[in-house]
Amino acid sequence: MSDLMSFSEIDGSGAVLVAAQRRVMMVTLKAELSKATRAAIKKALGTPVPAARKIANGIAWMAPDELLIMVPQGDTPEAMIARLTAELKAPMLAVDVSDARAVFTLKGNKAREVLAKGAPVDLAPEAFTLGDFRRTRLGQVAVAFWLEADDEITLVCFASLKQFMFEWLVNAAQKGSMPEFL
Amino acid sequence: MLLLTCPYCGVMAEETEFHGGGEAHLTRHSDGSSDDAFTAYLFERKNPKGIVLERWRHVYGCGKWFHAARCAVTLEIFGTYSAQTFEPPAEIIAKIKAKRPEWEAKS
Amino acid sequence: MSFRLPTFGHLIDRDSPVSFTFNGKSVQGFKGDTLASALMAADHRMVGRSFKYHRPRGIVASGGEEPNALMNMGEGARFEPNQRATTTEVFNGLTARSQNHWPSLAFDIGALNNKLARFLPAGFYYKTFMKPAWAWKHVFEPIIRRSAGLGQVPTERDADCYEYFYAYTDILITGGGVAGLEAALEAGRSGAKVLLLEQSPHFGGRLMVDDVEVDGRAGPAHIAHLLTEIGKLPNVSLRPRTQGAGVFDHGYALGYERLNDHAPSTTPRHRLWRIRAKRIITATGALERTLNFAGNDIPGVMLASAVRDYVRLYGTAPGARTVVVTNNDDAYRTALTLHAVGLEVPAIIDARPQGGGALAEQARALGVRIETGHAVAKVNGKIHVKSVEICLQSGAGGAVETIACDCVAMSGGFSPVVHLWSHCGGKLNWDAANAMFSPDPSRPPTDQNGEGFVITAGSAFGALTTEACLQSATAAARQAADEVGHSLPEEAAAREVRTISENPMAPIWSMPDKAPYKLRAKTWLDFQNDVKVSDVQLAAREGFESVEHTKRYTTLGMATDQGKLSNINGLAVLAGALDAEIPNVGTTTFRPPYTPISLGAIAGEAAGPLFKPTRKTTIDGWHESHGAIFEPVADWRRAYAYLQAGETTQDAITREILATRGSVGLFDASTLGKIIVKGPDAGKFLDLVYTNMMSTLKPGKCRYGLMCNENGFLMDDGVVARLDEDTFLCHTTTGGSDRIHAHMEEWLQTEWWELKVFTANLTEQFTQIVVAGPNARKVLEALGGMDVSREALPFMTFTEGKLGGIQARIFRISFSGELSYEIAVPASQGLLMWNLLLQAGADHGISPYGTEALHVMRGEKGFVVVGDESDGTVTPHDLGMSWAVSKKKEDFIGKRGMQRSFLTAEGRKQLVGLRTLSDTEKLPESAHAVEDGKAIGHVTSTYFSPTLGHPIAMALIVGGRARMGEVLAFPVAGTVHKARVVDPVFYDKEGAQQDV
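Residue numbers (my numbering), protein chains in the order written: chain A, 1 to 182; chain B, 183 to 289; chain C, 290 to 1285.
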């Protein structure tokens, strides 16, 4: 789990710790993920493009023609976009979306159960594993999430819903309300 | 509530992750088309009691449009396939025909 | 009288007394009691009144099928009507009130209806309240409304919270009786993931009550053994207090978990399980049926199995002297149980001439009197049973004897609970031997692969002996495991069950066989909705031959219990009246949920602040702390106006407009959609999407554009900026951002997939702030860093740079008609930029303005708002915006649509301005213009313009552009408003103010 200073809001009153992260730098890349483009992306970023519905080394597969790339410390979205633009020959779109997203951390061994209260996804340990990246809805909100560790989940949604999502997660994480099924 | 498999991201998900888009494989009519052809394109839809070819969008997932071959009576799904095609792939046609020999892909 | 017994009571803890109130009076029970068993133990035998005739009603059943014992439960914000006493666990502090009576349960005015019963037959309301027509609204409906309904309606907001849970499993089993548990154990051994739901707090079903021996263990011991064995399997989960409420398409099922109805708390009260299972085994048991004899609804007449349940499970005697009346062997178990605890059984009335089998022999050996071939002619008693008159079953009810008793235990045979099997299309067979519908395994509900996904087990399958139940459970489990890819090795030896030979039941639909009208008119089918045998027969005579029609005409099975006890009896009576076979008459449709579930569970967590997501801009907190009142726009909340101390909303709007037009205003426009469209074919694509030409736009320039759908109707508008050769930034309306992005993607993915174009919705990446007014430029210049002069940044262009040290893109566009800059900065810098602008504009009296001030200002300018001036049936031509529709382009979405004959015909509504004849009279919103008695159009926007000092409005009027100068009439609620048709641009028609 990241440094406490990286959170703008933390609620530890529930069965699972819910924390809203401060600004997380990320870039959306849209391009046809051909073999040549994958190679170019690897060259620009230093890591390969993950398989469908996976996240690896901070690169998440969003769609057949879309990646969400976390910008590592010491790098900037502008510099990353410049590298991608330089390397990719095929038509592409790379944009900074750092301010368009809200990012949350759920920490605790019931983190999966909190999400299972709103996401129509099989979140059992054997069905949803480290490296899986899932876009779906949580209640009425479009989200994406993945495991950082067996007891830690990162969740992303649109920035304008940050407050709503935080309240939703805190409510779902309240003590004494875990189904103990997963 | 249906279960559908998005052919683009491969995820099998419940209907609430998707958005239905009506009949598939319509031919767009534009400037220069006859009134009848344009009216048919805009408004006239098949509503068969049986196999339907329909459009769906994986709206809460990868965002892609795709097509599904489904029985509107039993809700059996014979397959989902790319939106960027003019008819179902041969294996889906074969799968439908195996169970509904009377069905014609272009009717 | 009913009372607590010194023996039996598996489920109650006699060391833990519980105190609650019933109709305001304190009642004592024990932990483990249901409200029904505790009331019964305290000799409360009458628990409510019926819906139509207000007849006294007592407890009939011991589970969810109970039709009578419905309670107003709880108080204040936890009040809930129509709660079944038989499924309510008692706790200290519980408050319950009986329903459907006034002023009290014992003395009820409405009971007069009972005296009038012969004038209130089936269809009474349909036949009576037809004429005169006015009377329905003014006389009948108010009276009926006051007297209708069961419980009261809650008046306070629900204090409890609820939630959902999405669960995925290989096999779902509904029902935790011996069949369900046996199936869970067997399926669990295969390694498949198994989830079992049981609606009550405990497991075991009939094995906890009936004298059954399995593998040498008594029933309860065998259940304990099964639970121990299942407990060893980590892949099997058991959920008590959770009802399998419904089965839906593709293996979807709903579970209704009552978490703390028995122990109120602040954590979620109910949890709705939204389950996907590959296979579902329904082991939901069977329900005993009532028998049709006169007075079968008098308190004290109960189901025989329920009488046994109260004795065995709760140590409670429903009566001291119980007559058992039956058409099958099972009811003899009740007689034997009662006898075993020393309660009197004066007689067993068995309608079958040959009587019962081994159980009957046992009863006879104990000296219990058995009358075979006999029936109950009628029950005597008003508010509880006093005696029964018995007669020959084959006769017409001539009584041969009156037997004093205070309880009648009846059994009309059993109906498998086929609800869950049937919810999603499972078909039924008529089992004539047992007079019941049972699932037809060859016609199951089918899933996405066209395969059956529901299997039934136990008595829900139609197995009426323990042995058959266990066999079907094992078979169901093996089939399900096999079908989900977890095959089991060879079958273990079947369990040994001590068998008891039983005689076949006899279908008895009328007691006695030739009961005259006098008896049939007092023989109840549906206890909750007061439907009698004579009502169904009347319906048949009046031509209601379809069971679905009869149901609606008589209301049979339409109450909150959905006819769980009455449907088969009603069907049989209808079949008899039509002289048809029961299976040919058919059943009504079984619909979920199995029993009513709370609205809270259906809503889940989406209540109060979590009801609906609210999108907020980065400046929202500032708005809130500066007097903003908000309006919802799509999912956003936007500042409508900023109220200062002592101001009305209108005062604030006027002040904001005058400040902006007079000096400078500040507006949060962040919610406008911002879609990046990039690629070598971006220009070509936008030419297809917008009605006007976008490919000719030069980088650095902005152009206002319209979007239509294929019908040719306006769907969105906004300013497009060309960022570079192959990149465009498309602004949309607030409500349009997601919709238009989806619209673009739909066309790119499904029609023009050859185009090399990518889109991204960057709406939230940027905070967009409008600085508008004659002093706008001075404010930006005060911040410094960018040349925003007319020469460097002309109207309808944009530039990028650092404004006040913050990276910004500045657009010279205007929706207010003033000199206006829209400043886009990364959202993380949005609040900072807002504050910097406020500071920089302080010398000019800079004033934030809300959406209403903006709307008034754009109204003064005659600018349209999509959704106000357009309603999905309006073309750009109707709005006088033909200049924005390209004539050169070969194709664009809506081009062909606009050519349709009725869109080009004369007489379409056209946008005009309206000026009221009086300067103080604002036109009402949406007022219709009427000419020669015909509506010729309507007001689309109406405001008071502080700039001009008089009201202004826009309207869509038939042939409007040719009517300039005409005075139109707008009659609204008795007042006729008059307004002159004028040009819709009221302010600065030349555009001098915005292009300076």
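It is possible that some hints are incorrect.
Covered stretches of chain A (chain C as the covering partner; in silico rule of three or more C-beta atoms under 8 Å from a C-beta of chain C) [to be verified]:
no.: 1; region: 40-52
no.: 2; region: 90-99
no.: 3; region: 137-149
Worth flagging that the hints you see were computed from the coordinates, not collected in a lab. These numbers were taken from a predicted model, which means no experiment stands behind them. By construction, the Cβ of each residue, glycine as well, lies at the ideal position given by its N, Cα and C atoms.
Status of the hints after comparison with the structure:
Given a C-beta distance limit of less than 8 Å, the hint that chain C covers the region 40-52 of chain A is violated, as 0 residues qualify and 3 are needed. Counting residues of the region 90-99 of chain A whose CB lies closer than 8 Å to any CB of chain C gives 8, so the stated coverage by that chain holds, three being the minimum. Coverage of a stretch by a chain is defined here by at least three residues with a beta carbon nearer than 8 Å to that chain's beta carbons; for the region 137-149 of chain A and chain C the count is 3, and the condition holds.
Comparing the model with each numbered hint stated earlier shows that hint 1 is the single one that does not hold.
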